[in-house]
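2 protein chains.
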Amino acid sequence: MKLLYSGKTKDVYELEDGNYLLKFKDDVTGENGVFDPGANTVGLTIEGAGAAGLRLTKFFFEKLKEKNIPTHYMDANLEEATMTVVPATVFGEGLEVICRYRAVGSFLKRYGKYVKEGQALDAFVEVTLKDDERQDPPISEDALDMVGILTKEEYHTLKELTQQIAQVVKDELAKKDVELYDIKLEFGRDANNNILLIDEISGGNMRAYKDGKYIEPLELEKIIVS
Amino acid sequence: MKLLYSGKTKDVYELEDGNYLLKFKDDVTGENGVFDPGANTVGLTIEGAGAAGLRLTKFFFEKLKEKNIPTHYMDANLEEATMTVVPATVFGEGLEVICRYRAVGSFLKRYGKYVKEGQALDAFVEVTLKDDERQDPPISEDALDMVGILTKEEYHTLKELTQQIAQVVKDELAKKDVELYDIKLEFGRDANNNILLIDEISGGNMRAYKDGKYIEPLELEKIIVS
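Listed in order, the protein sequences are those of chains A and B.
For the first sequence, position 30 matches number 30 in UniProt numbering, and the numbering has no gaps at all.
For the second sequence, position 100 matches number 100 in UniProt numbering, and the numbering has no gaps at all.
Careful, some of the hints might be misleading.
Stated by the list, open to error - What follows is a list of derived Cβ distance ranges for each label pair:
id	chain 1	residue 1	chain 2	residue 2	range
1	A	Arg189	B	Asn193	32 to 38 Å
2	A	Asn19	B	Tyr209	39 to 45 Å
3	A	Lys116	B	Ala123	48 to 54 Å
4	B	Val34	A	Asp122	39 to 45 Å
5	A	Asn40	B	Glu153	36 to 42 Å
6	A	Ala123	B	His156	18 to 24 Å
7	B	Glu216	A	Ala120	45 to 51 Å
8	B	Glu117	A	Leu108	57 to 63 Å
Unchecked claim - These stretches of chain B come out as covered by chain A in the derived footprint (C-beta under 8 Å, 3 or more residues):
id	segment
9	59-68
10	139-153
Please keep in mind that the hints were generated in silico from the structure rather than gathered at the bench.
Every residue, glycine too, gets a C-beta built ideally from N, C-alpha and C.
Using the sequences plus the hints, can you model the full thing?
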């Protein structure tokens, strides 16, 4: 088993059969010891965070499978905090695709002149580059095409899949009276150039609120999966 | 004559007949005494800069008129450094629409992971909000629609007009062996809700190069108009 990549919250190994194994770590992103799903740095380590993230990821990826939405998910081992996935390559050096139902976070920072904090947004989709050095800049459909990361057709597929997946997550959260404010997803291409959801869907990828109060990732996992 | 607005490089007055009068000032944008068309602050004052900006603006707006591209231009008084224009309202609290032929400036700052400095771009259009406090953030077609600044249809009109206008400027510069790298434009709506080019087209709105060397606004005016 060969380590391909060591990420902030996950390690990626190549298995002998060619599939990949993701090992979920107990590190979560944030700054100064405070969890922040939008942060680029590992802020703290929480025992059991990796297993909890995987449990939620397994839950959502299996829901998506039922709905025939393409993902890289094959199976999960909760004891080992590992997930087996189909190999996929990211777009460019990695994109994040965000779907927003409420104006918070970087959207509010950028467009605060025109929106109020928490204002409803209609499944607004935007793409940011994974580029720590340049603070993950937002990038438009035209620019993605111009720099050769995504064709216009791929962009539209990505946007549509993002809205479908976000809706599935939103509906599941709503069953427990939790409201999804925003979620960030990652996509890749499989060996046949099909676009599929990769990475994970856990508390660390989204902002969820209950009765107007932000729900921490570990608490979210307990509410949704238990 | 009533002062409506005092801008960084221009004052706007309302005339008795309802049209507007723009008074071009000798202040140019920049930082630490160095001219920078992308800057938000007035960096220096150059005697004759206002009149030179107006001369170039008059030249380009009259070219656009010949091509039936809608602008707010009526006439200009070079001695007074004033221009009479049709009243128009800006989109939201003001947008800048940029057309890029080379990757420099804020495009390079944001997407430097994917493009080389000076790399050719195919009349790439992007919109930024005029918002000094938030460093003029870029905003996508979807976001402009979502926050109620521009409909999708208006966005497409704006993009098409921007590419047409930039091409006219590029062609005029090319006649003097000057290359247009990028240009920023402003648009508004007239009383009948038609979209038209407003503000000015001068050296302060664009980056122009000759033999690989950046041409200062005042020099550009001399090269193009004389």
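Checked against the structure, which of the hints given earlier come out wrong?
1, 2, 3, 8 and 9
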